[in-house]
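Enquirer: For the record, the sequence lines run as chains A and B. The working numbering applies: residue 489 is where the first sequence begins, and numbers increase by one. The working numbering applies: residue 489 is where the second sequence begins, and numbers increase by one.
Just so you know, these hints were derived from the structure itself, not from any lab. This structure is a prediction, so every number in the text was calculated from the model and none was measured. Possibly wrong hints are sitting among the right ones.
All copies of an identical chain are treated as equivalent in the list; a pair is satisfied when it fits inside any one copy or across any two copies.
[Stated by the list, open to error] With a Cα cut of at most 25 angstroms, we get these calculated SDA-like pairs of lysine to any residue:
no., residue 1, residue 2
1, 1076, 866
2, 662, 862
3, 1094, 829
4, 736, 639
5, 1108, 1058
6, 1076, 827
7, 1094, 715
8, 662, 860
9, 529, 936
10, 1108, 715
11, 736, 784
12, 1076, 864
13, 662, 829
14, 939, 642
15, 1076, 854
16, 1094, 827
17, 662, 834
18, 662, 1085
Protein chains: 2
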Amino acid sequence: MATLSDIGLAAAINILSAFAFFLAFAILRIQPVNDRVYFPKWYIKGLRCSPLANGAFASKFLNLDFRSYARFLNWMPAALQMPEPELIDHAGLDSAVYLRIYLLGLKIFVPIAFLAFTVMVPVNWTNNTLEHSGLTFSEIDKLSISNIPNGSDRYWTHLVMAYAFTFWTCYSLKQEYEIVAAMRLHFLASEHRRPDQFTVLVRNIPPDPDESVSELVEHFFLVNHPDHYLSHQVVYNANKLSGLVKEKKKIQNWLVYYQNKYERNPSKRPLLKKTGFLGLWGDSVDAVDFYTAEIERLSRDISTEREKITNNPKSIMPAAFVSFKTRWGAAVCAQTQQCRNPTIWLTEWAPEPRDLYWENLAIPFVFLTIRRLIVAVAFFFLTFFFMVPIAIVQSLANVESIEKTLPFLKPIIEVIPKTIGASIPMKATFFITYTMVDGWAGVAAEILRLKPLIMYHLKNFFLVKTEKDREEAMDPGTIGFNTGEPQIQLYFLLGLVYAVVTPILLPFIIVFFGLSYVVFRHQIINVYNQEYESAAAFWPDVHLRIIVALIVSQLLLMGLLSTKEAASSTPLLITLPVLTIWFHRFCKERYEPAFVRYPLQEAMMKDTLERAREPNLNLKGFLQNAYMHPVFKSVDEDDTDVAMEEWEMEPSLVATKRTSKRSTPFSSKHGGSSLSLPEANKGSSKPDNA
Amino acid sequence: MATLSDIGLAAAINILSAFAFFLAFAILRIQPVNDRVYFPKWYIKGLRCSPLANGAFASKFLNLDFRSYARFLNWMPAALQMPEPELIDHAGLDSAVYLRIYLLGLKIFVPIAFLAFTVMVPVNWTNNTLEHSGLTFSEIDKLSISNIPNGSDRYWTHLVMAYAFTFWTCYSLKQEYEIVAAMRLHFLASEHRRPDQFTVLVRNIPPDPDESVSELVEHFFLVNHPDHYLSHQVVYNANKLSGLVKEKKKIQNWLVYYQNKYERNPSKRPLLKKTGFLGLWGDSVDAVDFYTAEIERLSRDISTEREKITNNPKSIMPAAFVSFKTRWGAAVCAQTQQCRNPTIWLTEWAPEPRDLYWENLAIPFVFLTIRRLIVAVAFFFLTFFFMVPIAIVQSLANVESIEKTLPFLKPIIEVIPKTIGASIPMKATFFITYTMVDGWAGVAAEILRLKPLIMYHLKNFFLVKTEKDREEAMDPGTIGFNTGEPQIQLYFLLGLVYAVVTPILLPFIIVFFGLSYVVFRHQIINVYNQEYESAAAFWPDVHLRIIVALIVSQLLLMGLLSTKEAASSTPLLITLPVLTIWFHRFCKERYEPAFVRYPLQEAMMKDTLERAREPNLNLKGFLQNAYMHPVFKSVDEDDTDVAMEEWEMEPSLVATKRTSKRSTPFSSKHGGSSLSLPEANKGSSKPDNA
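Could you put together the complete structure from these sequences and hints?
Expert: Written as structure tokens, this is what we have:
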């Protein structure tokens, strides 16, 4: 195992690199030319406008105020200043609650570390086991459980500590669950009217030989929710159309690129060298002409495809968004079973429109089940066979082995030198180093946004002509919950596992949580743009994963103590996971409903309030376009945008008059269907209808 | 291990005792005097009347038709003749589905046994491992997996068989789940109007300083289910009253006993010897006078207690039965969350009134959680420490050890003699013998109903005066689902575990399933009276337990094969439980909703039909008394019965007029509450109201 000075050296290296990142960030962020990379959120909010527009030429791109370089860490207190309610308002509840995970880490591990260093470290330190063992050891080993002789009564300390840590973790988890649930409920209650409050996603609509999907949906809900049904919107399979639109956009970028090139050097028309396969052969053509023609071709294809989707019943998926007259009606429909067969007419809350993954909307139930099976089996075998590389890494993690396996590293290792000869696999040191590289330097690198920075300047140079282009080139990105959360969970696992065994790891993890909290708070305030708002629906998963980490730590401790001939502690230790699982079940019953259900009382309250405030509300008009496939909104954006907006504003009565419902194959008697939307959009873009 | 002839001897003994039970049953059941013990179900249905009423004196008590003794097994085909739909009509769906568990056993194990005996037994038999092992062995051992040498390729047979058995079991389970779900849905759809279809049980009503429970319930549901709420009934804590009523009944029995005694011997008044503590001291008193006085005292106590319950708000529990105008409204309320806090205003389907356990109705959520924790911990430690007696029994199950531990058994063992010296613990033979004792002879004894037979004749002799008394002395009992189902599960477990290891066990289990099916079908048709009807709501548990047995058998086989040096089969075997768990999840998603939810479509269909058929239905009157505590119904049964019935028949309008709601402390403005019921009953028993 590494000595304290080795770890100190590694810490110095990582702290230096983290500092380097912060310094680079501090310099880059105050350059006006990078303003859109480091403050995109404010641009999106409309609270900041381009610094390039005014001032002297040089100061447009470079910051010449040298005093601002001196205060290069002042973004940190700034990031912490915005109070939480304002943060929720600014960046959404999801982001605010995501930050609370880091805070939870601090809340759990700071008292645990304090207790471990005041109680457990002295107990470990005042033994001589390692001195008598003949093994090479260091000061760090003396701090760990390895320094206690087998069968010693001192293991009672570790047992009591395990209980204390479990209790504290559970207590913090419970408190946090309570706070987050209250935040969610308050957020939902104070929310403005949103389409998803009134809408339910219905899947697996059974095929019917006599009726179209739209008619079937209408009849089913008119019969089974007669007092509440308002309207519905069927789901189209517009995947091909999306592809075409995406391609058109790409080609448009190339067109702009060549047009810019031509403008800068008008003497020479840019040529496309080879138009054949992979640009390997074919004739040279004029680039601007070529891409203009391509765009025309794609525009034709797009309108043909749109025609096809509208007229072909096969492009309608067995899914629909059904809207209700009240939140109460939607809450009832989303939480109940509609039909005798539980695999058809599946209802669930509609996610908010931005949160939809349209491509996957129509996967049949049986495919979903099979996919889940495949994922479960793959997960099992991945975990099972992942032990092989882990075993290899573990054997490598022994410095001597590294020398043997990778002899070319020998000179380097003979330098980082005292560690050579250590015979104990340096697992705890491995994780300490890992924490410093991934959790300290890695988090510091996050703030630099190297990839967006480069991409922005490339786009800015080649594509941007107008202020609108520049806005599009700005890529704020979103908070990477899918990658960030598992990283946090790893640190929770490490912290809980090593809390009793090698408490020296804890300070490093605390630094990770603190640093990440500041960095991500800064990024959420200044950079990321939230893609959608789930109102912290992810919290039950976060909670469950910390519980799993806790149970893993308890089982590992049980295994460790049984090898240490402290087997009499087993019954006491086995109670811990039982109690933890019970605690989880308690929390699930007590708090989880706030995240998966929508109480009728709340729905009724909002409905009543709204009826009193806006008795003449045109809800149908509000909901009509909400769940339209985004591709119908983006098609021919330039020429339909205005017409669309106009169309959206008008009450539904006019809309149903304007388009001939009789000519569409899925005409509906009650006028509740919004099926003829693409038709309507198309129509409204024509001059004689507008 | 025991030889074939040992097992043959045990089988002969058990078959003989089963036969003896059947013979005794055949003789006893055709005696007219036992008619009410062996055919109570028909008396309850009113389809059979006492044979004592007519015929000669002797033939009233004894069957003198000797030809009927010859056909002593003819009840067996008779029990099988009633078709299933008629059985459901006769004894309810619960009983019919319970019988299907035995049929499922036959369906699973007959093909498995066939396959095992044609494929696996020959593979086991044609080895010589045991002959070369130097161990004492018998023919039965040669049929089992023990006869295959370690690491042999023949284990592939067992692996393929394990897959085949799992596949067949899962297939049968899936088919059965489908059938039972369809039966349940059909049963529910064709059911008559029942109070529980319209009613929801609400628990954990939060305390309110300003309103009584009844008012609170009414306001809450008027606000949150304005179009559907009909009425409600609060729940009283009448446990003390129940106790008093029970005591009165007991003392009434004693009174009748002494009155009968006096009538038979009018010259001597029966005396109670000692009235003091445990009858040890005190004065002798006239028994009839003493018990008459006691009954009067209790009657007074009962009416005081009833008064107290009606007037004391503390005797109202925070629970209520809320009824809705439509099944749709009840289905919605039962399946949704009412309030932001998921631990208050808990709603669930009301069980049918007979299925209620009134004493437990008001346990708060937190106590429920704690009770579950205690049960979980107790269950864990019971299982954990149960290994100790199991280990003792296992060591005893070795014949040599029995001789050593219990030397006084030696002479007996030296006789049951060939088995002595067997060194392999006879586990499979143990279970074969167990099956024969518990599953063959035990089931045969069930049909004799020895305890009810004796009890009936004792009561008949000492207490019965009128035909009504005789009816009360008749105790049909109910099908013992709580004891019967675990017994079946044990045989499922044994069958699945030994199917691959020692298939010789299978025929014994098949005989158990067949015999039980006939016996319990007979008992359900002729004896048991169903207490309530859950419409086969227990099936998901039955399914889950067989799945658990299947997984246990797969894990045990994996362990066994790894000790047999056939470790290469582990990855293939580990796939089995994964697939089984997935199968279970699939079944859960596909079929379980039929058992726990009530689809809105079905509810709407029944509502619409009913509205068309009976447009003037007085639903409030129908529901008013349904969920009254049974003790209010049974108090002063003799004098209120008629008045009660009369009262129940009248429309609710009259009832609310007749009782002064203003004088009750929980008067309700909307007249929806049925809270004043005890009051009303009391009132209607008075002559000036009747």
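Enquirer: When no copy is specified for residue 662 and residue 862, does a C-alpha distance of 25 angstroms or less occur within a copy, between copies, both, or neither?
Expert: Between copies, since 20 angstroms is at most 25 angstroms while 34 angstroms is not.
Enquirer: Evaluate residue 1076 and residue 854 at a C-alpha cut-off of 25 angstroms and name the case that applies: within, between, both or neither.
Expert: between (28 angstroms within a copy, 13 angstroms between copies)
Enquirer: Cα distance capped at 25 angstroms. Does residue 939 pair with residue 642 within a copy, between copies, both, or neither?
Expert: neither (52 angstroms within a copy, 60 angstroms between copies)
Enquirer: Within, between, both or neither: how does the pair residue 1094, residue 715 come out at a Cα-Cα threshold of 25 angstroms?
Expert: Classified as both: same-chain Cα gap 18 angstroms, cross-chain 17 angstroms, threshold 25 angstroms.
Enquirer: Please work out whether the CA atoms of residue 1076 and residue 864 approach to 25 angstroms or closer within one copy, between two copies, in both situations, or in neither?
Expert: Classified as both; 23 angstroms inside a copy, 17 angstroms across copies.
Enquirer: When no copy is specified for residue 1108 and residue 1058, does a C-alpha distance of 25 angstroms or less occur within a copy, between copies, both, or neither?
Expert: The answer is neither: 64 angstroms in one copy and 60 angstroms across copies each exceed 25 angstroms.
Enquirer: Please work out whether the CA atoms of residue 1094 and residue 827 approach to 25 angstroms or closer within one copy, between two copies, in both situations, or in neither?
Expert: Answer is between; shortest inter-copy Cα gap is 13 angstroms, intra-copy 28 angstroms.
Enquirer: At most 25 angstroms between C-alpha atoms: does residue 662 with residue 860 qualify within a copy, between copies, both, or neither?
Expert: Only across copies: residue 662 and residue 860 sit 19 angstroms apart there, 30 angstroms inside one copy, limit 25 angstroms.
Enquirer: Regarding residue 529 and residue 936, is the shortest C-alpha distance of 25 angstroms or less found within a copy, between copies, in both, or in neither?
Expert: within (16 angstroms within a copy, 83 angstroms between copies)
Enquirer: Treating 25 angstroms as the Cα threshold, decide for residue 1094 and residue 829: within, between, both or neither.
Expert: between (33 angstroms within a copy, 17 angstroms between copies)
Enquirer: At most 25 angstroms between alpha carbons: which applies to residue 1076 and residue 827, within, between, both or neither?
Expert: between (28 angstroms within a copy, 16 angstroms between copies)
Enquirer: If the cut is 25 angstroms between Cα atoms, do residue 662 and residue 834 qualify within a copy, between copies, both or neither?
Expert: So residue 662 and residue 834 pass the 25 angstroms test across copies only (21 angstroms; inside, 33 angstroms).
Of the hints listed earlier, those the structure fails to meet are numbers 4, 5 and 14, in rising order.
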